[in-house]
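Trainee: Put together the whole structure using the sequences plus the hints.
Residue numbers (the UniProt record's numbering), protein chains in the order written: chain Y, 1 to 585; chain R, 1 to 154.
Source of the hints: derived by calculation from the structure; they are not laboratory data.
Treat the hints loosely; a few may be bogus.
Claimed, not checked - Subject to a maximum C-alpha distance of 30 Å in a straight line, what follows is the list of computed DSS-like cross-link-like pairs (lysine-lysine):
1) Y/Lys-334 with R/Lys-52
2) Y/Lys-109 with R/Lys-52
3) R/Lys-52 with Y/Lys-481
4) Y/Lys-314 with R/Lys-60
5) Y/Lys-195 with R/Lys-115
6) R/Lys-72 with Y/Lys-540
7) Y/Lys-109 with R/Lys-83
8) Y/Lys-540 with R/Lys-52
9) R/Lys-72 with Y/Lys-573
10) Y/Lys-129 with R/Lys-52
11) Y/Lys-324 with R/Lys-60
12) R/Lys-60 with Y/Lys-540
13) R/Lys-72 with Y/Lys-109
14) R/Lys-52 with Y/Lys-480
15) Y/Lys-195 with R/Lys-52
16) R/Lys-115 with Y/Lys-540
17) R/Lys-124 with Y/Lys-109
18) Y/Lys-453 with R/Lys-52
19) Y/Lys-396 with R/Lys-52
20) Y/Lys-481 with R/Lys-83
21) Y/Lys-452 with R/Lys-52
22) Y/Lys-573 with R/Lys-83
23) R/Lys-52 with Y/Lys-324
24) R/Lys-60 with Y/Lys-195
25) R/Lys-52 with Y/Lys-369
26) Y/Lys-314 with R/Lys-52
27) R/Lys-60 with Y/Lys-246
28) Y/Lys-311 with R/Lys-52
29) Y/Lys-210 with R/Lys-52
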Amino acid sequence: MALRLPSKVLKHILSFIDSNEDRNSVSLVCKSWFETERKTRKRVFVGNCYAVTPAAVARRFPAMRSLTLKGKPHFADYNLVPDGWGGYACPWIESMAAKSPYLEEIRLKRMVVTDDCLERIAASFKNFKVLVLTSCEGFSTDGIAAIASTCRNLRVLELRECIVEDLGGDWLSYFPETSTSLVSLDFSCLDSEVKISDLERLVSRSPNLKSLKLNPAVTLDGLVSILRRAPQLTELGTGSFAAELKPEAFTKLSKAFSNCKQLQSLSGLWDVLPEYLPALYSVCPGLTSLNLSYATVRMPDLVELLRRCSKLQKLWVMDLIEDKGLEAVASYCKELRELRVFPSEPDLDATNIPVTEQGLVYVSKGCRKLESVLYFCVQFTNAALITIARKRPNLKCFRLCVIEPFAPDYKTNEPLDKGFKAIAEGCKDLRRLSVSGLLSDKAFKYIGKHAKKVRMLSIAFAGDSDLMLHHLLSGCESLKKLEIRDCPFGDTALLENAAKLETMRSLWMSSCFVSFGACKLLSQKMPRLNVEVIDEHPPKTRPESSPVERIYIYRTVAGPRMDTPEFVWTLHKNPEIGVSKLAIK
Amino acid sequence: MEFSNSCSSFSSSSVDSTKPSPSESSVNLSLSLTFPSTSPQREARQDWPPIKSRLRDTLKGRRGDDTSLFVKVYMEGVPIGRKLDLCAFSGYESLLENLYHMFDTLIICGKRDRKHHVLTYEDKDGDWMMVGDIPWDMFLETVRRLKITRPERY
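Mentor: So, in structure tokens, the structure goes:
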């Protein structure tokens with residue numbers, strides 16, 4: 001007997017479902033569920049701004065209150081995507097301004113945002129509350145001022161690692177003179193000075209402020225003054241932590257911190273002098289998140305700080321912490337869930353190696369809740385990887401960057417195949433994986449077979465042949481994003497597994513051996529993929545066999561995009577006459 | 001090359017193919033990766049290791065250099081420019097050598113020449129000047145961006 005839920009009941013049930021993955025599944029059940037779901041979805045996430053048109057999104061989700069968009073491919077973070085590639089926010093803002101005027105939240109990642117865009121946002125959305133821009137560029141502090149002055153209900157304004165044309169600190173004074181509704185403000189990526197008096201006044205009239213991240217131009221004195229006015233902060237990004245060492249300065253700083261009894265997250269700490277670290281001791285026991293990735297402080301000072309952080313869940317630190325420091329973390333920070341260790345000396349010919357595989361092994365053994373790792377070091381061993389996998393089967397994110405390309409297991413001189421096999425097999429919930437070091441095709445056979453839940457995979461300087469790519473594309477059931485650089489193959493595996501690409505969000509390959517002919521063929525055969533060839537130095541004539549510099553392939557229902565720059569080739573833009581000699585089954 | 005579900009046909013082909021040893025591979029992929037020890041001067045790579053620009057710039061400052069000085073470099077007639085950290089060079093010679101590798105063409109400075117590309121720069125006052133007239137340190141203080149002019153421009 002078929003049971004039909006009245007739509008009111010279904011609506012009520014759906015109001016409890018927040019996860020978009022679940023909502024996407026709900027949409028597939030039947031037409032009426034699709035309709036009810038789309039009319040009730042408030043938070044919309046678009047992982048690739050070119051996968052769908054803004055109009056289609058606005059049309060499908062009339063109740064949209066929050067939009068999250070991502071633009072450039074992830075490798076843009078490492079300068080692999082030339083300027084001008086795309087990822088423009090404007091068309092989206094234009095469309096939403098016309099069709100979704102009740103939009104309250106916009107979160108953009110790796111997109112080009114202009115001042116016009118920001119002014120449009122300010123003018124179009126009457127109840128605008130949240131603006132988070134991560135790794136965006138193309139705007140100036142004028143645009144920020146527009147948001148500050150016009151959005152009367154603004155709660156969140158966060159500029160995370162953006163490239164902003166900084167025309168001065170005036171923008172701070174544009175917030176409304178009466179009290180603001182600000183809960184979170186992050187301007188840590190701006191360079192120029194802001195007037196401390198402006199900042200003090202803003203903080204004083206923002207009673208709901210919980211999160212504040214200052215830029216390096218704010219001095220220690222400034223910080224003290226701010227902390228006095230905002231002892232209720234739960235998240236703080238300090239400014240520059242360097243100042244002439246005076247006892248009164250230290251006491252003032254210490255006292256200011258000790259009054260911040262609710263502080264849970266600490267970041268910034270640029271140029272931090274070790275002598276000032278003790279001023280933080282009073283907040284350590286309450287800290288759950290500590291970002292020391294700009295703190296070039298030596299191991300003993302780091303340990304003195306970290307041994308007081310028993311509740312720490314997230315630690316980002318430089319490799320100056322050394323293996324010994326990580327051993328201390330393993331014994332003091334039992335709640336640790338996420339660890340990132342960044343290189344302090346990115347030169348390939350660095351001679352002193354502060355951390356080795358042993359550091360990560362200590363943490364894997366001591367921190368039972370560890371589930372996310374990003375680790376830079378110079379060399380690794382299979383044994384260490386096997387131990388890590390055995391001790392921490394609950395790992396969800398494992399990103400290992402052995403800085404030396406093709407570095408084998410330095411004890412046995414073998415490839416790291418066995419080690420990554422253990423990771424793939426043992427960590428059954430692994431969702432994100434980055435591999436490095438010397439890896440043969442075999443490693444990828446294991447990954448393809450066992451890494452069933454991996455959604456994002458990053459590979460550099462690895463593999464022997466097309467087999468590597470074939471293993472990944474024919475395995476890895478949950479694969480959504482694959483990014484590869486400097487691996488010596490492409491064509492055959494790509495063409496053989498073309499259908500897989502439609503099940504993924506995107507594929508990036510740079511400095512591999514993918515031929516122009518294969519790109520053309522793939523383009524012709526797969527109309528629902530956009531195949532982009534990104535060549536800053538294209539050859540004058542493009543022979544079929546010529547390798548291309550970079551390819552970016554993504555599924556889309558929006559068709560070919562119209563805003564490609566000169567250096568991006570697409571079949572739609574440049575249809576060439578002639579049929580490729582390569583054949584696919 | 002045919003792919004099949006059984007591994008045997010592939011294990012043989014991978015046995016046949018020589019596994020690249022580290023030095024071989026770095027030569028094969030020399031298009032994309034030149035180790036600092038083999039390149040003409042110590043120019044830090046901008047895309048490896050995979051760390052974000054903010055961290056990379058912070059680390060540069062640490063190394064004792066006078067912070068980094070990134071300027072845009074355009075070749076006349078080419079819309080997409082490059083970015084260069086002038087602090088990574090010891091002087092005009094190493095700058096020119098790097099530009100030669102970057103743009104694949106001989107560039108001269110300090111004199112006009114009908115046949116060659118000439119390097120010019122925009123200074124603090126917004127004026128376009130010939131590179132090479134002033135001492136390197138002074139140049140670093142005043143340079144805003146670089147332009148490589150086409151031959152026979154003057």
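Trainee: Could you run down the list of hints and mark each one as holding or not?
Mentor: We went through each hint and held it up to the structure:
no.	hint	result
1	Y/Lys-334 with R/Lys-52	holds (29 Å)
2	Y/Lys-109 with R/Lys-52	holds (14 Å)
3	R/Lys-52 with Y/Lys-481	holds (19 Å)
4	Y/Lys-314 with R/Lys-60	holds (26 Å)
5	Y/Lys-195 with R/Lys-115	violated (53 Å)
6	R/Lys-72 with Y/Lys-540	holds (25 Å)
7	Y/Lys-109 with R/Lys-83	holds (23 Å)
8	Y/Lys-540 with R/Lys-52	violated (33 Å)
9	R/Lys-72 with Y/Lys-573	holds (29 Å)
10	Y/Lys-129 with R/Lys-52	holds (29 Å)
11	Y/Lys-324 with R/Lys-60	holds (26 Å)
12	R/Lys-60 with Y/Lys-540	violated (37 Å)
13	R/Lys-72 with Y/Lys-109	holds (25 Å)
14	R/Lys-52 with Y/Lys-480	holds (23 Å)
15	Y/Lys-195 with R/Lys-52	holds (28 Å)
16	R/Lys-115 with Y/Lys-540	holds (22 Å)
17	R/Lys-124 with Y/Lys-109	violated (34 Å)
18	Y/Lys-453 with R/Lys-52	holds (27 Å)
19	Y/Lys-396 with R/Lys-52	holds (22 Å)
20	Y/Lys-481 with R/Lys-83	holds (29 Å)
21	Y/Lys-452 with R/Lys-52	holds (29 Å)
22	Y/Lys-573 with R/Lys-83	holds (28 Å)
23	R/Lys-52 with Y/Lys-324	holds (26 Å)
24	R/Lys-60 with Y/Lys-195	holds (28 Å)
25	R/Lys-52 with Y/Lys-369	holds (27 Å)
26	Y/Lys-314 with R/Lys-52	holds (19 Å)
27	R/Lys-60 with Y/Lys-246	holds (28 Å)
28	Y/Lys-311 with R/Lys-52	holds (28 Å)
29	Y/Lys-210 with R/Lys-52	holds (27 Å)
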